[in-house]
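Student: Based on the sequences and whatever the hints tell you, model everything.
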Amino acid sequence: GNSVTQMEGPVTLSEEAFLTINCTYTATGYPSLFWYVQYPGEGLQLLLKATKADDKGSNKGFEATYRKETTSFHLEKGSVQVSDSAVYFCALSPFTGGGNKLTFGTGTQLKVEL
Amino acid sequence: DTEVTQTPKHLVMGMTNKKSLKCEQHMGHRAMYWYKQKAKKPPELMFVYSYEKLSINESVPSRFSPECPNSSLLNLHLHALQPEDSALYLCASSLGGEGGDEQFFGPGTRLTVL
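Keeping their order, the protein sequence lines are chains Y and B.
To convert, note that position 24 of the first sequence is 24 in this note's numbering; the numbers rise steadily by one, no gaps.
To convert, note that position 98 of the second sequence is 98 in this note's numbering; the numbers rise steadily by one, no gaps.
These aren't lab readings, by the way, just hints derived from the structure by calculation.
From the three backbone atoms N, C-alpha and C, an ideal C-beta is built for every residue, glycine too.
Any given hint could turn out to be false.
[Stated by the list, open to error] Which bits of chain B does chain Y cover? Going by a derived footprint, with three or more residues having C-beta under 8 Å, they are:
| id | segment |
| --- | --- |
| 1 | 39 to 48 |
| 2 | 104 to 110 |
[Stated by the list, open to error] Take a look, some chain Y residues computed to stay more than 12 Å from chain B by CB distance:
| id | residue |
| --- | --- |
| 3 | Met7 |
| 4 | Glu16 |
| 5 | Thr24 |
| 6 | Ser32 |
| 7 | Leu46 |
| 8 | Phe62 |
| 9 | Lys77 |
| 10 | Gly78 |
| 11 | Ser79 |
| 12 | Thr106 |
| 13 | Glu113 |
| 14 | Leu114 |
Tutor: Here's what the structure looks like:
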């Protein structure tokens, strides 16, 4: 079956530090990959996506590259802000029949301090 | 309009009550989803509607009853719920019902069952 593994949190960083949140996946075929962010008390927002190998998704200073050879989609940001404090979910959606089912990782909580 | 709206934002109900959650999108998406999210966990898929037909039911108890009156609206009817059903209920939509599409989430309804 499909699965997504994320690094355990919480991750605590100082403002302007470099962020990496690791994500690896197991899937049949070549799924689409996503990062969603959930701020406290809110729903999920799509942060970025990639649909094929070597694609780089980017948004709001965040980046992730679809690495087929390592089945990874690590999230990075060069300089985090306090406002980036949230829970980040890595997810995949396979291009197979059976409907559009997202498989989520467990989520990684990020806390950014001044 | 690029958002998914959900009402109400908060709902408190007793175990004998009947209530409904409402979700709406005007992005022309043809697939809509209900998820349940417990604290510090990723969302769990409950139902998928594709082109106004129920395509996926993840073995959800019958006390949850989905309805899709048209391609823009999705309801979740609640009856005889249990305290363990207290959670954040998220609605999402995507362009189609096939794999690979990104899903756009609403802000959620925070449900408390007394």
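Student: Starting from the hint list further up, note which numbers the structure goes against and sort them upward.
Tutor: The structure breaks hints 6, 7 and 12; every other hint is satisfied.
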